[in-house]
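Student: Letter by letter, the chains look like this.
There are 2 protein chains.
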Amino acid sequence: MAKDLGVTPRGENYAEWYSDIVKRADLAENSVVRGCMVVKPAGYAIWELMQKGLDGMFKETGHRNAAFPMLIPKSFFEREAEHVDGFAKECAVVTHHRLKARDDGKGLDVDPEAKLEEPYIIRPTSETIIWNSYKGWIQSWRDLPILLNQWCSVMRWELRPRLFLRTSEFFWQEGHTAHASQEEAEAEARLILGLYTRFLTEFLAVPVVNGVKSDNEKFAGADHTYTVEALTQDRRAIQAATSHNLGQNFAKAFDVKYQSKEGGLEHVWATSWGASSRLIGTVIMAHSDDRGFVCPPRVAPNQVVIVPIGRGDDLERVTEVADRLALGLREVRWNGETLRVFVDRRDHLSPGFKFNDWELKGACVRLELGPRDIEAGQCVLARRDQTEKTPVSFDHLEDAVTASLTGLQEGLYEAALRFRSENTRRVETWAEFETAFQGEGGGGFVLAHWDGTTETEQRITEITKATIRCIPLEPLDPSDDEPGPCVLTGAPSQRRVVFAKAY
Amino acid sequence: MAKDLGVTPRGENYAEWYSDIVKRADLAENSVVRGCMVVKPAGYAIWELMQKGLDGMFKETGHRNAAFPMLIPKSFFEREAEHVDGFAKECAVVTHHRLKARDDGKGLDVDPEAKLEEPYIIRPTSETIIWNSYKGWIQSWRDLPILLNQWCSVMRWELRPRLFLRTSEFFWQEGHTAHASQEEAEAEARLILGLYTRFLTEFLAVPVVNGVKSDNEKFAGADHTYTVEALTQDRRAIQAATSHNLGQNFAKAFDVKYQSKEGGLEHVWATSWGASSRLIGTVIMAHSDDRGFVCPPRVAPNQVVIVPIGRGDDLERVTEVADRLALGLREVRWNGETLRVFVDRRDHLSPGFKFNDWELKGACVRLELGPRDIEAGQCVLARRDQTEKTPVSFDHLEDAVTASLTGLQEGLYEAALRFRSENTRRVETWAEFETAFQGEGGGGFVLAHWDGTTETEQRITEITKATIRCIPLEPLDPSDDEPGPCVLTGAPSQRRVVFAKAY
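Keeping their order, the protein sequence lines are chains E and U. The end of the first sequence is residue 503 by my numbering, with every number in the run present. The end of the second sequence is residue 503 by my numbering, with every number in the run present.
Calculated from the structure, these hints are not laboratory results. Hints may be right or wrong, so weigh each one.
It does not matter which identical chain is used: a pair holds within one copy or between any two.
[Unchecked claim] Straight line, CA to CA, 25 angstroms or less: simulated BS3-like cross-link-like pairs of lysine-lysine:
#1 LYS100 x LYS115
#2 LYS115 x LYS59
#3 LYS252 x LYS100
#4 LYS261 x LYS89
#5 LYS100 x LYS354
#6 LYS389 x LYS257
Owing to the predicted nature of the structure, the values given are computational and were not obtained by experimental measurement.
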């Protein structure tokens with residue numbers, strides 16, 4: 001059956017299963033441009049719903065959107081040493097501003113006379129160009145805080161792209177804030193971490209561990225980086241969003257000072273934070289099954305799909321009733337928004353094909369409606385994460401649909417949380433640590449003691465490919481905060497950290 | 001007084017007036033990147049409201065959003081001859097994908113070993129990359145129509161930028177549709193023209209003439225181009241949005257065919273259409289005055305600003321009342337949305353300064369509230385386009401505010417329409433034509449007969465700098481559709497066309 005649907009089962013080949021879901025749910029495809037994707041309407045609609053959810057949270061907490069240039073002068077990059085190391089090796093460089101026709105009239109050449117004095121980089125992230133602007137905007141403590149966000153795409157040259165998870169161009173938001181004190185910047189970085197955590201939990205039904213990155217894994221240019229880490233069904237970690245306390249690093253690199261209330265001249269404190277279209281990959285990996293894409297209702301473009309069944313005049317009559325039901329359902333509010341309802345009018349496909357198709361595409365609730373259903377004043381409801389179907393009378397349809405959506409949203413979270421619990425291990429010895437990442441069923445989150453040195457961290461990664469995903473802010477279990485010996489060196493450790501192989 | 005506000009009067013220097021408005025209303029600023037702007041939060045908030053309005057119209061008419069790569073292979077450009085001529089001379093070219101540290105460790109160089117086999121262009125518009133994708137998506141008539149739109153920024157190298165009106169990078173939407181027949185593509189191009197017209201009229205309060213471009217002025221690669229043209233206060237035309245019937249030009253360039261219902265293999269028909277952040281410039285030019293920015297309420301981030309007045313404990317008490325009023329007003333719906341209300345809590349600025357500041361920044365309705373107002377159970381209302389203020393009792397505040405917003409929205413449209421009428425002339429002779437564009441008060445829309453040849457059009461432009469803005473679809477006056485002699489050559493003409501100097 002799985003073969004019929006064109007989806008490789010997870011157990012057979014997880015990477016192919018993922019690709020099949022993206023393809024069959026028509027979410028995105030590779031483009032001819034190296035490492036760049038085309039996000040198709042079904043995929044982009046999810047991104048729009050994610051944007052709306054996140055943007056609402058940012059605005060509720062006082063942030064506003066702005067737009068900075070997509071190009072960054074090369075010299076800006078050179079100012080912050082760590083930052084440059086992090087991004088120089090994978091950036092798209094603009095060197096000319098004109099093409100010209102070849103002398104033979106066939107085709108175009110880059111015009112050597114249109115060479116730029118200084119090359120530009122397509123932004124891989126915008127700290128440098130934004131802090132260069134902030135220099136002009138900030139004089140005194142009265143100009144602070146600045147709480148801005150930008151929705152855009154960025155470019156990091158990628159040789160082994162995977163749709164949504166890792167692509168040269170990707171879509172994201174990047175927040176960039178400026179503050180008058182270290183404490184305020186730290187509070188901001190933590191606030192945003194909390195918003196990301198809430199968004200993943202409440203909108204995407206994805207349980208996350210949040211914590212701080214080790215120095216080795218932090219953002220290039222940050223004092224420290226907070227992260228939310230999710231677990232995929234092949235038991236790997238996926239970094240879903242990050243929030244950085246940048247300290248005064250960029251203020252120093254771009255000479256941004258403010259006059260304090262007390263009259264002194266101080267460098268400004270900064271944060272930056274981002275979540276990207278990778279969240280779509282995260283959702284796919286967290287919830288989908290061998291029948292196709294499973295989308296949490298709060299970000300699902302197709303919350304309800306009605307499939308009219310019948311032939312000829314019958315079909316026409318049934319479709320009319322389907323349209324009426326859709327109109328009614330579109331007035332219903334769920335989680336503060338009206339329902340997104342689609343009537344499948346394709347008349348050259350069988351009902352069975354359509355049922356499978358909507359399971360592939362991640363419709364949350366499917367309503368099947370035939371002539372006999374109409375006579376009985378009912379339709380048949382199928383919830384995406386269940387196999388049995390339920391007849392529902394038209395009188396109770398609205399309640400049944402919203403209850404199903406709530407049930408699906410909560411059910412997905414609970415299933416993902418259960419999966420994570422089953423795949424979170426605590427190990428004491430190096431032998432246990434190595435074993436935890438081996439064989440079928442290996443992987444997951446491994447909580448172990450670490451001596452806090454980059455050297456040990458790198459040795460562990462060399463041997464096992466596992467990395468430190470984060471040092472949790474809250475212990476997953478109270479015992480995680482008890483001291484113990486480092487799993488590799490035996491040196492003392494204050495608390496367990498989360499190791500995993502990661503995307 | 002105008003000097004105090006930092007706004008050059010329109011009559012003194014219109015170009016400086018425009019720059020002053022953009023700067024003093026804090027909408028945008030030039031960046032260090034050649035020709036690119038930084039859109040500041042106050043400007044971007046307008047763009048978000050414009051996006052919301054347009055996006056809603058597009059979706060209501062069956063369009064969906066998607067995202068295509070920002071880079072376009074150079075060879076794609078070479079495929080459509082007119083298209084290439086239109087854009088090759090002003091594009092940003094990506095030639096390398098890596099920087100590397102200099103041997104002396106100081107700074108970065110473009111890594112010559114990371115030269116791309118084929119350069120990429122940052123999209124100036126996306127017809128080519130999108131039609132390359134459509135080739136893979138379209139086999140039969142069942143795959144049509146495709147009705148997609150993309151919100152993004154594009155890059156057209158610009159040596160003489162002006163904020164919002166003409167910048168190297170600008171923000172826009174570009175619709176790209178594919179159809180099974182010429183008629184359907186034409187209907188689509190006209191549908192979108194209608195949406196743009198409605199948006200300009202209803203949201204931006206800007207009256208427009210819509211019509212078709214002459215061959216000389218049409219989009220590079222289109223069969224024909226529809227346009228909506230507005231008039232600025234210095235009596236120039238501004239092209240506010242365009243909708244192109246592309247015929248089969250891009251389908252042929254990218255070999256995109258479909259199997260028709262009848263079984264034949266046909267090239268697909270196309271449209272594309274776009275409106276950009278230039279709309280913000282259009283709004284500024286259409287409505288603002290010597291006191292600052294005037295924003296039509298439907299796209300105004302600050303529809304209502306409440307200014308609490310007082311000192312010490314008084315101010316605290318007044319601000320509490322202001323907050324309560326704001327809470328109430330934020331529940332009020334106007335044109336289908338809740339009101340956008342801001343309380344100005346800045347405590348180091350005088351009320352007078354704040355009043356001027358909000359006039360500069362284009363707040364639609366200002367409510368002034370002092371201790372004595374509270375005793376009287378009222379506040380003082382100032383509407384942005386009026387100089388007198390009105391006391392309004394708290395009991396009637398909601399009605400007074402919504403009536404003021406409606407009055408402002410309609411008043412702006414009427415004033416702009418009146419201005420356009422006063423600056424629309426019909427001329428018969430060449431002498432009249434030349435005079436119409438000369439001296440103080442010259443310019444505006446000049447309706448004249450034209451013999452339909454590109455040669456005449458270009459001669460007219462050489463002599464007067466005026467261009468044909470459009471051949472109106474509906475005559476502005478019934479007499480415009482009567483035949484007459486070309487204003488330059490005397491050759492026969494079927495109808496008058498609109499000439500103007502343009503931005």
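Student: Check LYS100 against LYS354 for me: Cα-Cα at most 25 angstroms, and say if that holds within a copy, between copies, both or neither.
Tutor: The answer is neither: 51 angstroms in one copy and 53 angstroms across copies each exceed 25 angstroms.
Student: Can you tell me if LYS100 and LYS115 fall within 25 angstroms by alpha carbon in one copy, between copies, both or neither?
Tutor: both (12 angstroms within a copy, 19 angstroms between copies)
Student: When no copy is named, should LYS252 and LYS100 be tagged within, between, both, or neither for a Cα gap of at most 25 angstroms?
Tutor: between (42 angstroms within a copy, 23 angstroms between copies)
Student: Please work out whether the CA atoms of LYS389 and LYS257 approach to 25 angstroms or closer within one copy, between two copies, in both situations, or in neither?
Tutor: neither (64 angstroms within a copy, 42 angstroms between copies)
Student: Which holds for LYS115 with LYS59 at a C-alpha limit of 25 angstroms: within a copy, between copies, both or neither?
Tutor: neither (41 angstroms within a copy, 42 angstroms between copies)
Student: Which holds for LYS261 with LYS89 at a C-alpha limit of 25 angstroms: within a copy, between copies, both or neither?
Tutor: Neither: 42 angstroms inside a chain and 51 angstroms across chains, both beyond 25 angstroms.
Hints 2, 4, 5 and 6 from the earlier list are contradicted by this structure; the remaining hints agree with it.
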